[in-house]
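Protein chains: 4
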Amino acid sequence: MLKGFVVPRSPLGAAALTPPPPWHFAGDVLAVEYWSDPDLSTDVLPEGIEPDAKTKGHSVAIFMDYQFTARNEEHLDPGRYQSRGFLVLLDAIWQGAPVAWCPYAYVDNDAALIRGWVCGYPEKLGSVHQTRTFAASPPLANNSRFAACVSAHGQLLAQAHITLRERSDDLAGLLDRPIVTRRYFPRFSAGGRQTSAVDELVRPISENMVFTNIWIGEGALAFPETLGEELDILAPIKVGRGVRCSFSYSIADCAILSDLTV
Amino acid sequence: MLKGFVVPRSPLGAAALTPPPPWHFAGDVLAVEYWSDPDLSTDVLPEGIEPDAKTKGHSVAIFMDYQFTARNEEHLDPGRYQSRGFLVLLDAIWQGAPVAWCPYAYVDNDAALIRGWVCGYPEKLGSVHQTRTFAASPPLANNSRFAACVSAHGQLLAQAHITLRERSDDLAGLLDRPIVTRRYFPRFSAGGRQTSAVDELVRPISENMVFTNIWIGEGALAFPETLGEELDILAPIKVGRGVRCSFSYSIADCAILSDLTV
Amino acid sequence: MLKGFVVPRSPLGAAALTPPPPWHFAGDVLAVEYWSDPDLSTDVLPEGIEPDAKTKGHSVAIFMDYQFTARNEEHLDPGRYQSRGFLVLLDAIWQGAPVAWCPYAYVDNDAALIRGWVCGYPEKLGSVHQTRTFAASPPLANNSRFAACVSAHGQLLAQAHITLRERSDDLAGLLDRPIVTRRYFPRFSAGGRQTSAVDELVRPISENMVFTNIWIGEGALAFPETLGEELDILAPIKVGRGVRCSFSYSIADCAILSDLTV
Amino acid sequence: MLKGFVVPRSPLGAAALTPPPPWHFAGDVLAVEYWSDPDLSTDVLPEGIEPDAKTKGHSVAIFMDYQFTARNEEHLDPGRYQSRGFLVLLDAIWQGAPVAWCPYAYVDNDAALIRGWVCGYPEKLGSVHQTRTFAASPPLANNSRFAACVSAHGQLLAQAHITLRERSDDLAGLLDRPIVTRRYFPRFSAGGRQTSAVDELVRPISENMVFTNIWIGEGALAFPETLGEELDILAPIKVGRGVRCSFSYSIADCAILSDLTV
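Top to bottom, those sequences are chains H, L, Y and F. The letter at position 40 of the first sequence is residue 40 when you use UniProt numbering, and the numbering goes up by one with no holes. The letter at position 98 of the second sequence is residue 98 when you use UniProt numbering, and the numbering goes up by one with no holes. The letter at position 59 of the third sequence is residue 59 when you use UniProt numbering, and the numbering goes up by one with no holes. The letter at position 6 of the fourth sequence is residue 6 when you use UniProt numbering, and the numbering goes up by one with no holes.
Treat the hints as calculated values from the structure; they're not laboratory data. Predicted model, so just to flag it, every value in this text is computed and none were measured. A few of these clues could be false.
Any copy will do: because identical chains look the same in the list, a pair fits if it lies in one copy or spans two.
[Unchecked claim] Here are the simulated lysine to aspartate or glutamate pairs, DMTMM-like style, with alpha carbons at most 20 Å apart:
hint	residue 1	residue 2
1	K3	E207
2	K238	E218
3	K3	E166
4	K56	D232
5	K238	D108
6	K56	E73
7	K3	D43
8	K238	E225
9	K3	D259
10	K54	D199
11	K3	E50
12	K54	D176
13	K54	D259
14	K3	E47
15	K56	D77
16	K3	D39
Build out the structure end to end from the sequences listed, making use of the hints.
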């Protein structure tokens, strides 16, 4: 009997790319709010998701540096279960309610890649870095500066800078929308390829979400032109606040919003 | 309308991890035939695949160094579309017929990873290397030596050495079985997780298969003990021939053998 | 006029692998104290450095995860100026005084590699990971567990585990010896190769050294056998305390202890 | 007695980053000839090297994909001793004679990095890729296309395309100048840092140089703008021929042209 939440399924279930949920994450975030051209960003929305006419292309670019664990002290395997990731979230509407849609996402290892796919994030491999602060670093303060970048296949995809201004008790309206994603897996046989094997809109359900050490300031953000990627089509036409914070949360379930396979 | 054979689906279809089939491959192979303990290797077979009692654990460890292209000169994007991979194929029986089953596979980039998954290979990321020969190198000859290795997350998974003996017109019974794989993608919602979203046995259909520059000799092969992998359970108890050759082939379709989702 | 502290020297001096000192570091450390076989560890000492007969092979294995900056906000280029490193320090005696000698060191990028060489650390590239803790993680406590590992060229070189026991105001006698290193650069011309171009024992001078969030507990440490490395010859025959702490310090100078080029 | 041509020097001499010369290389090259702005390229020449007024910024951008070996079958350790590299060579004059000067060079592993430095190439780590051809690929022909790229720290530094036109018996005047490099290693002690420890112009001496499978055609080449690099200052203002060939050669010595340390 083969075991494992994902491939490779194996006799002991130890070889699988990721253990089954619940999954627990803790890390640091650098995020910059921005507006992309709403005429262009509308094109990244799937069937059933509408643009948010009120916020007009409002988005957040998020760089994460985090550690994962599940039931078996996976944090003691740091080479496998730490990750750095980047994603963008675009304001959108699902059945009349505000949501955040993830068109593009990048992570730097295979365990994070498959966790993303299984939850509906369209992950590719990327190299992601962000300025850090340590217990022995100067304390965060007005004017502290952070930077972050993501590249894939040797091309710079996004570059962010944040200048902290003040500590905040909350995220001030950022990162407060439920995220909607699309679980997608194609068919391969030539005769069946006009439809996909899996295509469902889902809402991953986060639990025990904690944001702490929140600092808000000014952001700068650029998505340089690249080949073989389309992130640059969503390039900022206006940039807003920058945020730096730490977070932890768990994920163990998702709500299935609709099945798009038909 | 979002386009793309796989994620991320995007307005232009240029961001997807891999273009749609047909897929064309050309590269070099180092392969070592071996026998694993049949009492143990039986455990990696899924429902519907039986051990091959006649060959008793006979397997091949394959290291590949190759280039991919599809319809748009993808070979001109070498950072994205070259790859090095490792897999093992175990002799097995499907409905009375001899097949080769792939329990474990590793590649070194995300495009190859998803191509593997879509075809049913249970790919993980690994770092794979093999000795090469160039047009300006000494010609292959009796006693020419090659080595190959694969590691993942900083652990050595397999190490092979081959000493060439003589050129051959064919692969002498190696790599001649149809490969059977398992396309697998889990559900994520807590209520549905006891079954998978995709679980089908398939036979990828290769076309225009060419093997050339075939040399056959002696092999050596080891699968060191590792944590978080189970390849070492299939470690060689006996090692046979080693092969070095070049190959090209295309893949555009698969036959669906059975649906295991029920 | 070409500029740059190191290669490549260039018109603007911006291309050099690292800016000139002073260099400032901040990061986290996991360290495990251990004893190697003194009959073997003596062999890694250069001329002029003696074994410490009192401590008999006492050593520390150190995993670092840190950020670098110099005069130009290099911390805002995190892909280039963050690094993870591993080194071992062996108790030794120089001119009658206790020192720590560094026989082997690994880092994960080129800027850190050359900084190490210039200071006399014999750096190779490696992949280094350690368990982290974030502001939103559970606070450190008795029984908190950390792990760290280093690999190079796909081989695991060292693996450590630490179980924290109690917070400490100081490092309790660990990491308190001045470090002695050897700056070494060979000649290349065939006629001159019996001597080196640079070969000097130095003592890098650290300033503003801060250790904070110090926790001390139990350590476990293994140096698996590897090919093409000799770290395993220094494998622990006994393991002592484990430490986790954060640090910051600067380095701007070194004392030259002796010239070994003659 | 510690052994090793370079660091880390060790009891057995097996840990050193590279074995001593003679060094043997075999591989493939993609090269594009181009002209940079001679007013700018003059600035990358060190004392004692003059611009070549006759060729006015004529240069070659070279992408290499190669295997290294020395005395101990290092080609059987492919993870450590294969490498992909990129360098530019600028026409220049030394003491009245035409030479090629290497201002910038990139390789993808530490063994190649230190070999470069020891020979005077100012190597940094980069990720280098080039289109390949295999024994089972279509034969090279008029209109065959190749591409190559190099990136470092997630930034694209150079991108080349070559369209083959015809096979050639020789390199048609490309890559025929002796290369001059600068071995450079700084001092570190604050008091001595105004001079370097090693600073010599050298001419690496190649032996048994073979070029084969030479194809010549048209080239395209771009050096995009980057931060922390100065290659883009040497960007092509005109592009010439493109070449694809295989090569092998050995290097065991260098001629010291002048000592610049004073």
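Quick rundown of the hints versus the structure:
Taking CA atoms no more than 20 Å apart as the test, K3 paired with E207 passes in neither setting, with 26 Å inside one copy and 33 Å between copies. Taking the closest pair of Cα atoms, K238 and E218 come within 20 Å of each other only inside a single copy of the chain (12 Å); across copies the shortest separation is 42 Å, beyond that limit. Taking identical chains as interchangeable, the C-alpha atoms of K3 and E166 are never at most 20 Å apart, the minima being 49 Å within one chain and 39 Å between chains. For a Cα distance limit of 20 Å, the shortest separation of K56 from D232 inside one copy, 17 Å, qualifies, whereas the shortest one across copies, 38 Å, does not.
For the homomeric pair K238 and D108, neither the shortest alpha-carbon distance inside one copy (28 Å) nor that between copies (36 Å) is at most 20 Å. Taking the shortest alpha-carbon separations for K56 and E73, neither the intra-copy value of 43 Å nor the inter-copy value of 35 Å comes in at or below 20 Å. Taking identical chains as interchangeable, the C-alpha atoms of K3 and D43 lie at most 20 Å apart only when they sit on different chains, with a minimum of 10 Å there against 40 Å within one chain. Proximity of K238 to E225 under the C-alpha cut-off of 20 Å is restricted to the intra-copy arrangement: shortest distance 17 Å within a copy versus 23 Å between copies.
When the C-alpha separation of K3 and D259 is checked against a cutoff of 20 Å, the pair qualifies only between copies, where the shortest distance is 18 Å, while the shortest distance within a copy is 27 Å. Within a single copy, K54 and D199 get their C-alpha atoms no closer than 28 Å, and across copies no closer than 42 Å, so neither meets the 20 Å cut-off. In the homo-oligomer, the alpha carbons of K3 and E50 lie at most 20 Å apart only across protomers (17 Å), although the nearest pairing inside one protomer, at 39 Å, exceeds that limit. Within a single copy, K54 and D176 get their C-alpha atoms as close as 16 Å, which meets the 20 Å cut-off; across copies the closest is 61 Å, which misses it.
Taking CA atoms no more than 20 Å apart as the test, K54 paired with D259 passes in neither setting, with 27 Å inside one copy and 46 Å between copies. Within a single copy, K3 and E47 get their C-alpha atoms only as close as 35 Å, which misses the 20 Å cut-off; across copies the closest is 12 Å, which meets it. With identical chains, the CA atoms of K56 and D77 are never at most 20 Å apart, being 43 Å at best within one copy and 32 Å at best between copies. Only between protomers do K3 and D39 lie at most 20 Å apart by alpha-carbon distance; the minimum there is 18 Å, versus 46 Å within a single protomer.
Checked against the numbered hints given earlier, this structure breaks hints 1, 3, 5, 6, 10, 13, 15; the rest are met.
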